[in-house]
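> Residue-level listing of the chains:
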Amino acid sequence: MTGQALLTIAVVVVLVFLLVRLIPGDPVKVMLGIQYTPEAAAALREQLNLDKSIPEQFLLYVGGLLRGDLGESTAQPGRSVADIIAESLPATAAVAITGIVFGVIIGVLLGLLAALSKKRGVDVSVRTFSMLTFSVPAFLVALLLILVFSLTLGWLPAGGWPGTWPENIPYLVLPAIALSTTMSTLITRTVRQAAIDTQGQQFMEAAFMRGLPGRVLNLKHTLPNSLLPVLTLVGISIGTLLTGAIIVEAVFGIPGIGQEMSQAVSRRDYPVVQGIALVSAIAVVVSGYLVEIAYTFVDPRARTL
Amino acid sequence: MTKVSKGVTAIAALAVAAVTFTGCAGGSGSTASPSSSEWNGEQIASAVIALPAQTTSFDPTKSASATDRVAAALMFTGLYLQKEDGTVEPGLADGPAVFNEDLTEATVTMREANFSDGSPITANDVVATIEREQSVEDSVIASTTGKIKTVEAIDDSTVKFTFVSAYPSFEGVAGLLSIYPAAQLEDAEAYYESPTVTSGQYTIEEGWASNKLELDANPEFWGGDPAVEHVTFQVLADGNSALSQLQSGQVDFAGDLAPSYISQVTDTPGLRVEVSQVFGFFDLRLRNDHAPFDDVNVRKAVNAALDRTAIVSSIWGEYNTPQSGFWPVGMEGNDPDKSVEQDVEGAKALLDGTPCESGCTVDMIYSDQDFAFSQQLALMVQEQLGKIGVTLNLENLDGATLIDRLFAGDFDMAPGAMTSGTNTPDQLLNLALNGNGPLSAEFTGYNSDEMNALIETAVTTTGDNRAEAVDEIETLFSEDQSLVTIAPWVRGSATKLPAGVFSLVGSSAIMATVE
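Protein chains in written order, with the numbering used here: chain C, 1 to 305; chain D, 1 to 515.
Take these hints with a grain of salt, some might be off.
Below, computed lysine-lysine pairings styled on DSBU-like, alpha-carbon distance capped at 30 angstroms [as the list claims (entries may be wrong)]: (1) Lys338(D) <-> Lys83(D); (2) Lys149(D) <-> Lys83(D); (3) Lys160(D) <-> Lys29(C); (4) Lys387(D) <-> Lys29(C); (5) Lys83(D) <-> Lys212(D); (6) Lys118(C) <-> Lys220(C); (7) Lys387(D) <-> Lys338(D); (8) Lys149(D) <-> Lys29(C); (9) Lys160(D) <-> Lys147(D).
With the Cβ distance kept under 7 angstroms, some of the chain C side facing chain D (calculated, not the full set) [claimed, not checked]: (10) Gly33; (11) Gln76; (12) Ser150; (13) Val251.
Just so you know, these hints were derived from the structure itself, not from any lab.
Even glycine gets a Cβ: it sits at the ideal position worked out from N, Cα and C.
Sequences are here, hints too, so could you generate the full structure?
Now the structure itself:
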């Protein structure tokens, strides 16, 4: 599994390195803009090693990676890629983690409500609500949240990021909700189905026959069995969350890794694009590992395998 | 507990949580008062200024973003300062520059002033600044510092400049360059990471963090206290986000908003729209060196067929005016009576005998990353030129690809813009009309010896000679029509600060001072 993870990261490194250089657009011309002269361009190209061949550039890049050096931004002279990522990653991580927490809580609660309620109307309502939230794009959800909770009610800030704790907390709420909508919908549907399947199991019938109250049945048997697929969903949602972060960070003005990536691509800042792609790949791989480990704690059957 | 009471308890808990967040919610990020018509002259404690452009560097040889320039305008000062109308006034200089007869030398006497650390600003700092900037090979201000041949400190308060050629616009171009402390420039790389020693109205404790920059009034500034004691600069790339935070009170000034956002705040109580000139224009670049725009009558036909009034009204509403000549409003040479009317029949007549007489197809490239209204402009131009039989194939590119295609000349038509940044003709002429300039006459490939000679006269003379050259440039521009101007380049902002406190001007900014 470690070998597979390393291979995944290596493939991402090579692919991203090649892809950014295949995109049309010269980073030197972007940087110099109207101040472009052939002499300035040549000097800048040499400084950025862009005058070297692609294989030479790749070897230099890999050599830097092996030394722990992600390189220096071409669009933000003097700033290392590591510094840029270190400054922007905490904001994205905070929003993403809060989004996961919100998504899991909302998704599990709604899923159980739909599965366990004796009223068919509740089930239909939850499923309709899930379909609606799944259909609405994250940026539209974000704008609606701002309109209602910030501009109309004045309960929460419209965006921004103070950069210190605990001042960041209120700025997390709306972005996290916007980011969690897609994942919470998937979790709702998954938990609902898992809960219904669990309820239909023979051991549940046996426990009911032995006189266990409904609350105990739901908490001790239905809920744990419904959470197993949620773990998998959370693990595979990391990549989607990072993509969604670009849009949510733009709408809320959060200086996260999504914003840095968006700017880096438009400015052809190759080192930053490569660095963020590498970090994202590592995040996805690590989250997969964590899901595997969590499974062994949550599901006793996984420990014997 | 019954189910109903459980539900009520849960709802109550959520409400408590909401109230807790409400208490913590970031309300107004400033203490600026809601917009009134004019500033009362009293210092405002703090304000938050939001701009969309990402920062690159404090180093002027590397920084090209609008945010960098605005931040530098508040932190540093030059020998001369730009006023709102684009003219200049003495800054660190204590009067106008004294030129020699052929305008190839200028002597500037400096006022007594200090850096933020209390050390005096002397002629040696000016020399060190210019020489360091000239030494950087890939400098983005090379075209400005390149006009200075030598700079010499005659004494502590007198600087003598020798230019490569006559440079009457010195005060309004190179004279605006910020001055930095010579002592700090010995290790420029370290200094520009966080330039805590400043020469302007504000100083900083540290550099950008979380896309924010905190500025405090510089007590050593020679010009008095700034109108706002503490300024927070914030980068907000998305216009919606900037507008939302302006309306919620977190931001006091949202600058460089796209025209579509300006219209949203026009009638919002407590908010004011500000539009500032950049001393340039928005235009359509026409590739002059291949068909069909190698035929001057086809270019003139495009010029005549455009309904500029409709374009300006649609994009900018009441906040801009149409332009058909070369010189924008506010600049020397502007002809306020020049017709901007659409003339479809006249355009069709111009096409007689040209490759587009029976219709033709041209490729227009554009990018929404260039200007937010690029697509809207492209569609309107497509519709208007369709009336004279010119069919536009529109190609939407990303910003970097657009730049590549422009430099390669791989296009027929492209929306664009060009500016001097200050109310001097030099940069606008050299970039937009000079065929030997760095952008090959704004990528059009236009190269006229007559125009180049007129440009040389305009940038190296003053008084009547310059005025005459400026007028002749306008005339020749209409004859050659290398590109088609549409409207002056303006910067739109929305603010709740009182008028006169802070404004964007040219490519820079002005913060008022307390009297």
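> Does each hint hold? Answer for all of them.
Going through the hints against the structure:
| no. | hint | result |
| --- | --- | --- |
| 1 | Lys338(D) <-> Lys83(D) | holds, 27 angstroms |
| 2 | Lys149(D) <-> Lys83(D) | holds, 27 angstroms |
| 3 | Lys160(D) <-> Lys29(C) | violated, 34 angstroms |
| 4 | Lys387(D) <-> Lys29(C) | violated, 36 angstroms |
| 5 | Lys83(D) <-> Lys212(D) | holds, 26 angstroms |
| 6 | Lys118(C) <-> Lys220(C) | holds, 19 angstroms |
| 7 | Lys387(D) <-> Lys338(D) | holds, 23 angstroms |
| 8 | Lys149(D) <-> Lys29(C) | holds, 27 angstroms |
| 9 | Lys160(D) <-> Lys147(D) | holds, 14 angstroms |
| 10 | Gly33 | holds, 6 angstroms |
| 11 | Gln76 | holds, 5 angstroms |
| 12 | Ser150 | holds, 5 angstroms |
| 13 | Val251 | holds, 6 angstroms |
Violated hints for the displayed structure, listed by number in ascending order: 3 and 4.
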